[in-house]
Amino acid sequence: MPELPEVETVRQGLATWVAGRTIATVEVHHPRAIRRHLPGDAHFIAMLTGRTIVGVSRRGKYLWLPLDSGDAIVGHLGMSGQLLMQPAEAEDEKHLRIRFTFTDGGPQLRFVDQRTFGGLAVSEDGAELPGEIAHIARDPMDPLFDDEVFVARLRGKHTEVKRALLDQTLISGVGNIYADEALWRAQLHGARPTDQLTRPAARRLLADVRDVLGEAIKAGGTSFDELYVNVNGESGYFDRSLNAYGREGEPCHRCGTPIRREQFMNRSSFSCPRCQPRPRPPRTH
DNA sequence: CGCGCCTCCTGTGTGC
DNA sequence: TGCACACAGGAGGCGC
Numbered sequence: 001m002p003e004l005p006e007v008e009t010v011r012q013g014l015a016t017w018v019a020g021r022t023i024a025t026v027e028v029h030h031p032r033a034i035r036r037h038l039p040g041d042a043h044f045i046a047m048l049t050g051r052t053i054v055g056v057s058r059r060g061k062y063l064w065l066p067l068d069s070g071d072a073i074v075g076h077l078g079m080s081g082q083l084l085m086q087p088a089e090a091e092d093e094k095h096l097r098i099r100f101t102f103t104d105g106g107p108q109l110r111f112v113d114q115r116t117f118g119g120l121a122v123s124e125d126g127a128e129l130p131g132e133i134a135h136i137a138r139d140p141m142d143p144l145f146d147d148e149v150f151v152a153r154l155r156g157k158h159t160e161v162k163r164a165l166l167d168q169t170l171i172s173g174v175g176n177i178y179a180d181e182a183l184w185r186a187q188l189h190g191a192r193p194t195d196q197l198t199r200p201a202a203r204r205l206l207a208d209v210r211d212v213l214g215e216a217i218k219a220g221g222t223s224f225d226e227l228y229v230n231v232n233g234e235s236g237y238f239d240r241s242l243n244a245y246g247r248e249g250e251p252c253h254r255c256g257t258p259i260r261r262e263q264f265m266n267r268s269s270f271s272c273p274r275c276q277p278r279p280r281p282p283r284t285h
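Taken in order, the first sequence gives residues 1 to 285; the numbers are from UniProt numbering.
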């Protein structure tokens with residue numbers, strides 16, 4: 001499941017393989033893959049054909065590829081999206097959604113997506129940050145991320161801390177896996193109320209988020225269910241470093257207590273019952 | 001307006 | 001053996 005480290009790994013691969021290349025043809029194989037591009041597939045194709053990709057940027061889990069026209073391709077991998085570099089002769093993937101060929105005749109760029117939660121669109125607003133993702137907060141690897149603003153906003157919310165970590169308008173790039181990993185490091189249960197976190201606890205949690213994301217980037221991301229691979233089809237290996245996610249019943253790497261699994265926000269959450277005790281239920285009068 | 005639930009989607013695994 | 005269903009979850013939309 002692509003979160004920030006996986007998307008950053010893809011960004012680095014794209015920067016190597018498509019920056020500076022000129023698009024020759026575009027094929028849209030599934031309308032849902034461009035559902036965020038409201039003018040439709042003919043317009044999508046027309047806006048991109050003949051354009052040169054000048055770079056590859058990322059905020060949180062979003063990617064965008066600025067073009068020489070001033071437009072940009074904005075993309076999200078969703079649950080299962082992959083951006084793959086493939087030689088022209090490679091057989092079409094079962095879930096191939098969009099294909100780009102280039103004027104240099106080199107490797108194609110293919111958007112492959114089994115569950116079709118991801119997609120691409122052309123942003124025409126010409127802004128440095130595409131308007132489509134202006135509502136997404138900076139991610140904690142962004143040099144301009146403001147730690148103290150985050151701490152204040154987190155503590156000002158009336159919600160649970162895991163919900164806050166998954167709120168992309170508060171801090172972007174964190175999904176279910178890295179939220180559980182950061183909470184394990186911070187020894188906090190995801191249901192802890194954000195307005196009860198002390199300032200130092202919030203700062204420590206942010207440091208843990210940043211640490212786990214940084215370590216995962218170095219490992220090339222987490223390929224937990226094989227739906228995530230880099231642009232060359234290779235898996236990341238951070239799954240070997242997971243302390244909580246997917247480890248139900250296995251011993252906590254800190255205290256040995258079996259990791260528990262709970263339903264939370266209709267998703268699975270993994271935590272250590274001893275290191276991350278549930279908060280006391282709110283007092284009722 | 002803040003918060004939280006629902007929905008989209010398909011392949012895999014499990015239980016009857 | 002075959003069918004039904006749970007599960008995986010990012011993010012937009014919507015109801016309260």
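Some hints here could point you the wrong way.
Claimed, not checked - The following label-pair restraints were derived from C-beta to C-beta distances:
1. Glu248 x Pro87: 17 to 27 Å
2. Glu91 x Ala19: 48 to 58 Å
3. Pro273 x Glu215: 23 to 33 Å
4. Gly126 x Arg204: 37 to 47 Å
5. Glu148 x Ala42: 44 to 54 Å
6. Asp92 x Pro193: 14 to 24 Å
7. Pro193 x Glu248: 39 to 49 Å
8. Glu27 x Gly249: 21 to 31 Å
9. Thr22 x His158: 25 to 35 Å
10. Gln196 x Thr25: 54 to 64 Å
11. Met79 x Pro31: 13 to 23 Å
12. Asp195 x Ala42: 21 to 31 Å
13. Thr25 x Tyr237: 31 to 41 Å
The hints are simulated quantities; they were obtained by calculation from the structure and are not laboratory data.
In this text, a Cβ means the ideal position worked out from N, Cα and C, and glycines have one as well.
Does the structure break any of the earlier hints, and which numbers would those be? The structure breaks hints 1, 2, 6, 7, 8, 9 and 12; every other hint is satisfied.
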